[in-house]
Amino acid sequence: MKRRNNSIWLMLSILIICIKTGQAQERPFIWVQKQDREQILAKIENQPWAKSSFDDLISRLNNDISEHSSNPDKYLHGLPFAWENAKSGESPSFTYTIHGASGQHNNLDNATKEEMANYRKLTGFLQTAIDCGVAYYITNDEKYAQCATDILNASIKGIIQLKPSDWAGRGGWLCPDDILRESREVGDKFPIIYDFIAPFIKKGGKPYDPGKKTKTDFPTNQAQQVFRTYADLVVHHGMIGSNHPVLESTCLVYNALALEDVTERNKYLKFYLTESTGNQDALKKVAENFREEGDIWPETSQYLNGVASISARLMFILTKYDPSLHLGQKYPNIPIALPRLDDLVYPNGELIRWGDGHRHGEASFNSYEDAYLLGKIDGVKKLTDKFGSLLGRAIDKGEYQRKGLSALLWYEDGFKAENPPLILPRTDKQSHAGIFLQRNLSPTGDTKDGLMCFVGGAHMVHGHAEGMNIELYGKGLVLGVDNGRGSYAQDIHENYSRIWAAHNTVIVNGSSKGEGGWAGQGINTVKLITMEPMPTKEAISPDYSFSQTSFEDDKGDKAEASQERTLALIRTSDSTGYYIDIFRSKSRLPNEFHDFLYHNIGDKLVFLNQDLKLTPTPEKYMANAKLPWIQNKEFRYPGWHFFKNVETSQKYSGNIQAIFSTEKLKNGPLYMKLFIPGSDLREYTKVMAPHTFEAPSPYENLPTPTLVIRKTGEAWNAPFAVVYEPISKNKENGTIQSVEKIEQNGILKGLKITSKIGHEVLVQYVIDQTESENFIDSKLGLQFKGRFAIVTTNPKNKIINMYMGDGEKLKFGKYSLVSEEGNSGAFLDCTPKTPVLKSNKKVKFITQ
Numbered sequence: 000m001k002r003r004n005n006s007i008w009l010m011l012s013i014l015i016i017c018i019k020t021g022q023a024q025e026r027p028f029i030w031v032q033k034q035d036r037e038q039i040l041a042k043i044e045n046q047p048w049a050k051s052s053f054d055d056l057i058s059r060l061n062n063d064i065s066e067h068s069s070n071p072d073k074y075l076h077g078l079p080f081a082w083e084n085a086k087s088g089e090s091p092s093f094t095y096t097i098h099g100a101s102g103q104h105n106n107l108d109n110a111t112k113e114e115m116a117n118y119r120k121l122t123g124f125l126q127t128a129i130d131c132g133v134a135y136y137i138t139n140d141e142k143y144a145q146c147a148t149d150i151l152n153a154s155i156k157g158i159i160q161l162k163p164s165d166w167a168g169r170g171g172w173l174c175p176d177d178i179l180r181e182s183r184e185v186g187d188k189f190p191i192i193y194d195f196i197a198p199f200i201k202k203g204g205k206p207y208d209p210g211k212k213t214k215t216d217f218p219t220n221q222a223q224q225v226f227r228t229y230a231d232l233v234v235h236h237g238m239i240g241s242n243h244p245v246l247e248s249t250c251l252v253y254n255a256l257a258l259e260d261v262t263e264r265n266k267y268l269k270f271y272l273t274e275s276t277g278n279q280d281a282l283k284k285v286a287e288n289f290r291e292e293g294d295i296w297p298e299t300s301q302y303l304n305g306v307a308s309i310s311a312r313l314m315f316i317l318t319k320y321d322p323s324l325h326l327g328q329k330y331p332n333i334p335i336a337l338p339r340l341d342d343l344v345y346p347n348g349e350l351i352r353w354g355d356g357h358r359h360g361e362a363s364f365n366s367y368e369d370a371y372l373l374g375k376i377d378g379v380k381k382l383t384d385k386f387g388s389l390l391g392r393a394i395d396k397g398e399y400q401r402k403g404l405s406a407l408l409w410y411e412d413g414f415k416a417e418n419p420p421l422i423l424p425r426t427d428k429q430s431h432a433g434i435f436l437q438r439n440l441s442p443t444g445d446t447k448d449g450l451m452c453f454v455g456g457a458h459m460v461h462g463h464a465e466g467m468n469i470e471l472y473g474k475g476l477v478l479g480v481d482n483g484r485g486s487y488a489q490d491i492h493e494n495y496s497r498i499w500a501a502h503n504t505v506i507v508n509g510s511s512k513g514e515g516g517w518a519g520q521g522i523n524t525v526k527l528i529t530m531e532p533m534p535t536k537e538a539i540s541p542d543y544s545f546s547q548t549s550f551e552d553d554k555g556d557k558a559e560a561s562q563e564r565t566l567a568l569i570r571t572s573d574s575t576g577y578y579i580d581i582f583r584s585k586s587r588l589p590n591e592f593h594d595f596l597y598h599n600i601g602d603k604l605v606f607l608n609q610d611l612k613l614t615p616t617p618e619k620y621m622a623n624a625k626l627p628w629i630q631n632k633e634f635r636y637p638g639w640h641f642f643k644n645v646e647t648s649q650k651y652s653g654n655i656q657a658i659f660s661t662e663k664l665k666n667g668p669l670y671m672k673l674f675i676p677g678s679d680l681r682e683y684t685k686v687m688a689p690h691t692f693e694a695p696s697p698y699e700n701l702p703t704p705t706l707v708i709r710k711t712g713e714a715w716n717a718p719f720a721v722v723y724e725p726i727s728k729n730k731e732n733g734t735i736q737s738v739e740k741i742e743q744n745g746i747l748k749g750l751k752i753t754s755k756i757g758h759e760v761l762v763q764y765v766i767d768q769t770e771s772e773n774f775i776d777s778k779l780g781l782q783f784k785g786r787f788a789i790v791t792t793n794p795k796n797k798i799i800n801m802y803m804g805d806g807e808k809l810k811f812g813k814y815s816l817v818s819e820e821g822n823s824g825a826f827l828d829c830t831p832k833t834p835v836l837k838s839n840k841k842v843k844f845i846t847q
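Once you know that position 334 of the sequence shown is 333 in numbering that gives the first Met the number 0, the rest is easy, because the numbers rise by one and skip nothing.
To be clear, the hints were calculated from the coordinates, so they are not data collected in a lab. The C-beta atom is built at its ideal place from N, Cα and C for all residues, glycine as well. One thing to keep in mind: the hints can contain errors.
What the hints assert, rightly or not - The list that follows gives simulated cross-link-like pairs (lysine-lysine, DSS-like), each with its CA atoms no further than 25 Å apart: (1) Lys-402 - Lys-33; (2) Lys-808 - Lys-778; (3) Lys-142 - Lys-86; (4) Lys-625 - Lys-650; (5) Lys-665 - Lys-625.
What the hints assert, rightly or not - Simulated DEER-style distance windows between Cβ atoms: (6) Asp-602 - Ala-41: 17 to 25 Å; (7) Trp-166 - Pro-627: 25 to 33 Å; (8) Pro-615 - Gly-821: 48 to 56 Å.
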């Protein structure tokens with residue numbers, strides 16, 4: 000009896016384990032399960048968006064079902080078969096896509112039109128089969144199952160006859176040199192079709208075979224071999240250290256779930272979940288990039304959300320398949336990262352741009368739904384709260400309407416926008432890109448009155464060798480622009496867009512370059528020295544903010560420079576303001592020179608100094624034009640040989656005023672006026688740089704006016720200092736009247752900026768120092784020990800406010816701000832009868 004009881008308990012234990020691992024699950028179970036069907040039917044009956052998605056599904060299948068039903072043989076002949084190699088009575092193989100000669104590797108970007116046409120035929124048929132599988136699941140109408148089964152049967156027999164690549168680098172099967180793309184567009188579709196039609200096959204459904212001209216048994220063993228092969232290709236081929244493993248992971252997971260041997264299925268799922276290989280990073284490793292809430296994938300904008308989106312969906316699917324995995328509880332920071340990119344936008348909604356990133360992007364609402372569902376099935380409240388509210392707000396505003404297969408199969412209804420509207424912080428950071436941004440939205444609520452800027456630079460996959468780069472926003476557009484990128488592998492991309500000359504930076508000794516790392520573009524990361532407010536923290540001033548950052552330009556052996564950059568945002572009214580940019584650079588090599596670059600979309604750059612004479616210098620930047628270029632390996636640094644219409648001044652030491660005119664915009668002209676305090680041993684050059692990608696029409700196709708300032712010798716004690724004022728409608732609408740240097744012992748310590756806003760004149764003394772040094776102007780009555788400060792007065796030196804962005808003591812006239820906790824930030828508003836002090840540490844206000 001005891002032995003019998005033990006046997007019963009053993010059988011029950013095995014049954015529980017089998018149920019837990021999915022062995023006892025009835026197909027379909029990858030996307031949906033049998034019990035989900037009633038809820039989906041209820042959605043179709045009760046929710047207009049679900050009914051519309053279902054109707055769209057059936058409508059787009061009508062022609063295929065009609066053609067297939069009337070003549071399945073003719074219909075299946077549309078697949079890209081190699082009929083010339085087919086044996087009599089046998090199904091033919093597919094044609095290879097890009098099957099290069101031995102030792103030559105070409106991905107699908109290099110395919111011929113015929114090869115791509117064949118490839119698209121197959122992907123189109125496979126997607127039709129998935130649609131048919133979903134339609135069969137919902138309707139139980141076997142005409143859909145028959146069509147899907149016929150396509151899958153022919154496709155399995157078409158690919159099984161081909162030999163998979165043995166190239167561990169990126170070898171595929173149908174595409175022997177491109178597992179990355181094949182896994183996403185072909186390999187992930189076979190298992191989904193199989194999962195949906197498995198019940199049809201189980202009850203006797205047979206596919207039509209175009210080789211035998213009759214119905215045959217479904218090739219279950221060959222199907223399993225296809226799933227196994229695709230899973231194996233992903234695990235043992237491909238490139239790690241990038242987003243590639245995540246892009247390929249859907250193929251791995253779906254094919255693993257299609258395997259009927261549970262031991263084998265779990266083996267491949269383990270490669271996705273926990274066990275990385277030399278060619279595939281597991282989810283556990285991917286999650287290391289999301290240690291803190293708010294971390295994002297360390298690439299550029301169009302790639303980083305893809306990682307979180309794909310991962311969120313697979314985490315949802317696998318947790319639904321096996322709730323004991325608890326992937327939402329283990330890795331919540333991955334889906335939490337999904338809306339992060341929405342924080343990195345200008346007032347007009349455009350994205351800040353770094354590396355190969357785009358200017359425009361849309362919220363991934365489908366991924367928000369996946370994240371919400373993951374949180375729901377795994378009991379992660381912060382996921383359901385966050386994404387439920389985001390979805391509710393988007394649906395309420397009409398920004399998001401559910402549609403498509405994902406919505407039909409998974410998504411729910413009834414979200415409420417319970418959280419308050421998103422308020423973006425005054426400052427933010429993106430550490431992996433070395434980015435530190437400042438924004439100041441106007442009380443008017445008009446995006447044209449908003450101000451925003453950022454400094455950044457770092458090495459990453461799809462990053463650019465850009466140095467310490469900035470972008471500037473003004474009057475509704477990004478005016479001071481990064482070039483962006485067009486098509487990969489082109490001369491302009493490799494030898495301009497992703498290297499120094501395409502960015503608002505400083506080139507040292509004509510030799511700044513990237514080295515090592517991804518595609519040879521390795522550079523150091525821009526580091527934060529100080530900032531106020533610190534990223535995402537509360538600001539102490541409604542009108543002022545600043546950052547100081549550093550960068551080492553030491554790749555190669557001819558620049559060897561240390562650099563620091565101060566970027567400040569100054570608002571002077573609800574609709575006016577300006578930026579201060581102070582760039583210090585010094586090389587450790589003799590005979591140094593430094594070139595400061597600034598690109599602004601527009602029609603032309605005009606210097607307003609009558610005595611500044613420019614002459615054509617067409618050869619000025621051409622020395623590197625004929626250097627060797629090896630795609631993705633060796634480049635023509637620094638890239639300025641792309642500059643056209645080059646005109647250069649004589650050596651000029653006086654103050655400069657210049658203006659960029661942008662007059663072809665649909666909504667009226669914009670201008671960016673520059674004030675540049677003079678310095679010895681400088682020459683000024685204006686050029687037309689290549690067009691800026693994704694610029695507003697018509698400037699996306701027009702060259703970009705660009706300023707280059709060359710300083711012979713060091714640019715540290717006499718740094719590049721530029722004040723930028725964005726202006727709309729009329730170039731005479733600017734508020735800045737003058738900009739003057741503030742020096743101490745021959746070293747630039749800051750700027751005096753005089754502005755006129757309406758009838759009010761503001762005088763602002765801006766002090767910027769590389770250390771917490773002591774600056775004293777006895778005549779003015781100004782003393783400052785620290786890194787950055789602003790004192791604003793009227794023309795009679797009556798104080799309006801004092802801003803100690805980072806300092807120990809700021810004194811002007813009878814007023815002093817003294818920190819009691821080291822360097823602090825403090826803002827004193829002197830317009831009320833009793834001055835009002837706000838600080839981020841303990842600061843005393845003293846009146847003498």
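Violations among the numbered hints, reported as their numbers in ascending order | 3, 4, 5, 6
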